[in-house]
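Visitor: Chain residues, written in single-letter form:
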Amino acid sequence: GQNIDQPTEMTATEGAIVQINCTYQTSGFNGLFWYQQHAGEAPTFLSYNVLDGLEEKGRFSSFLSRSKGYSYLLLKELQMKDSASYLCAVRSRNAGKSTFGDGTTLTVKP
Amino acid sequence: NAGVMQNPRHLVRRRGQEARLRCSPMKGHSHVYWYRQLPEEGLKFMVYLQKENIIDESGMPKERFSAEFPKEGPSILRIQQVVRGDSAAYFCASSPRTGGEGYTEAFFGQGTRLTVV
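Protein chains in written order, with my numbering: chain A, 3 to 112; chain B, 2 to 118.
Calculated directly from the structure, the hints in this document are not laboratory data. Hints are supplied without guarantee of correctness; some may be wrong.
[What the hints assert, rightly or not] Capping the alpha-carbon separation at 35 Å, the derived lysine-lysine pairs in DSBU-like fashion look like this:
| no. | chain 1 | residue 1 | chain 2 | residue 2 |
| --- | --- | --- | --- | --- |
| 1 | B | K63 | B | K45 |
| 2 | B | K45 | B | K72 |
| 3 | B | K45 | A | K78 |
| 4 | B | K45 | A | K70 |
| 5 | A | K83 | B | K45 |
| 6 | B | K52 | B | K63 |
| 7 | B | K63 | A | K83 |
| 8 | A | K111 | A | K59 |
| 9 | B | K52 | B | K72 |
| 10 | B | K28 | B | K45 |
| 11 | B | K63 | B | K28 |
| 12 | A | K78 | A | K59 |
| 13 | B | K45 | A | K59 |
| 14 | A | K83 | A | K70 |
| 15 | A | K111 | B | K45 |
| 16 | B | K28 | A | K59 |
| 17 | B | K52 | A | K59 |
| 18 | A | K111 | A | K78 |
| 19 | A | K59 | A | K70 |
| 20 | A | K83 | A | K59 |
| 21 | B | K52 | B | K28 |
| 22 | A | K70 | A | K111 |
Isolated chain B, as found in the complex (with noise of 0.2 Å):
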């Protein structure tokens, strides 16, 4: 969806570089979903935010990666001393709310091409 947007399209780093990923959420949209997705697979849940917490990140490797919302500004996925493995499509998804009340669908953006050489 146009609304959620990403960037960058693409990312080369090499190896032991640090990639930062950034996703700006719908207009009203407090709630921010960051997703992996491999070549030929589904997508992985990576780490939920709201503004200024972070209420899930099990999906989060424990290493090198970490995520945050901040008051202003976009939320920010940082992958430090990148390695191959690392190298998938991460999207970002916003939401109005969470679903305890009725549906809020995720409105995608359309996600940062890393690729580490």
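Extracted from the complex, chain A is given alone in its bound form (with noise of 0.2 Å):
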């Protein structure tokens, strides 16, 4: 089976960093994904690992420790439109499917 922790709010001020921290435990590992939902919406992708190490993709970084069972999400220069749940999951080896954390609500404040 697989468990997938994450915080369930956060709160930070715009134009600054935040970073939302997933732990996760699974059988068999094959990548780690990090969705952004905002409310009412479809979740859209944001970044990939499955290696160790630090993904940059513009504002958004996405870093991972297989070792520890340890993924975050780096947001920086925050914006208002960031205000939205960040949805940790996790896809197992040998099945298409991923498992999703319950998600972090990020509220931006100006």
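Got two chains here, each in a separate frame; can you build the complex from them with the hints?
Guide: Shown next, in the form of structure tokens:
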């Protein structure tokens, strides 16, 4: 089975940096995804990590440590539009499905 | 992602009726996943299908729920004799292949919001 934990809520200030953590336990790991979901909308893909290290994509970066079962999503230069839910998802080896955490609701304040 | 089409966007059913949710994957995608999302919660996996095959239905309730992905046409998630607890957003995602070689992100549809009254 899989168990994915991430904080329920976070608040940050416009222009700042925020780090959203995700820890997981899985029997067979085949990649970790981060998705962004605005209220009432579909999740949209942000990043994918399968090897240890940092993947940078513009204002967003994602880090993975497989030995620690740990990932984080780093958002820089926060904008009001970044207020959303951020979902961590782990894909199992030999399985197409991904298991999602409950999401972290980020509120960006002026 | 606008490429995955789900309909209807909103569906209201009375208790005991049937709900049929449709999902047309992106062009060229042969893998479909259904997820359910309750308010203020994350996505819960229900079923994973390829054309004419159910690959993994470990998240699907044993009763009242069924899914299919025929050779022609959209994938259908069917809920019989709906109850109020079935009220949720149901998302469909598609990908071109599994993650066995390289990664394949899943593209999500806009979801169907089912309300049971």
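Visitor: Does the structure break any of the earlier hints, and which numbers would those be?
Guide: Violated: hint 7 alone.
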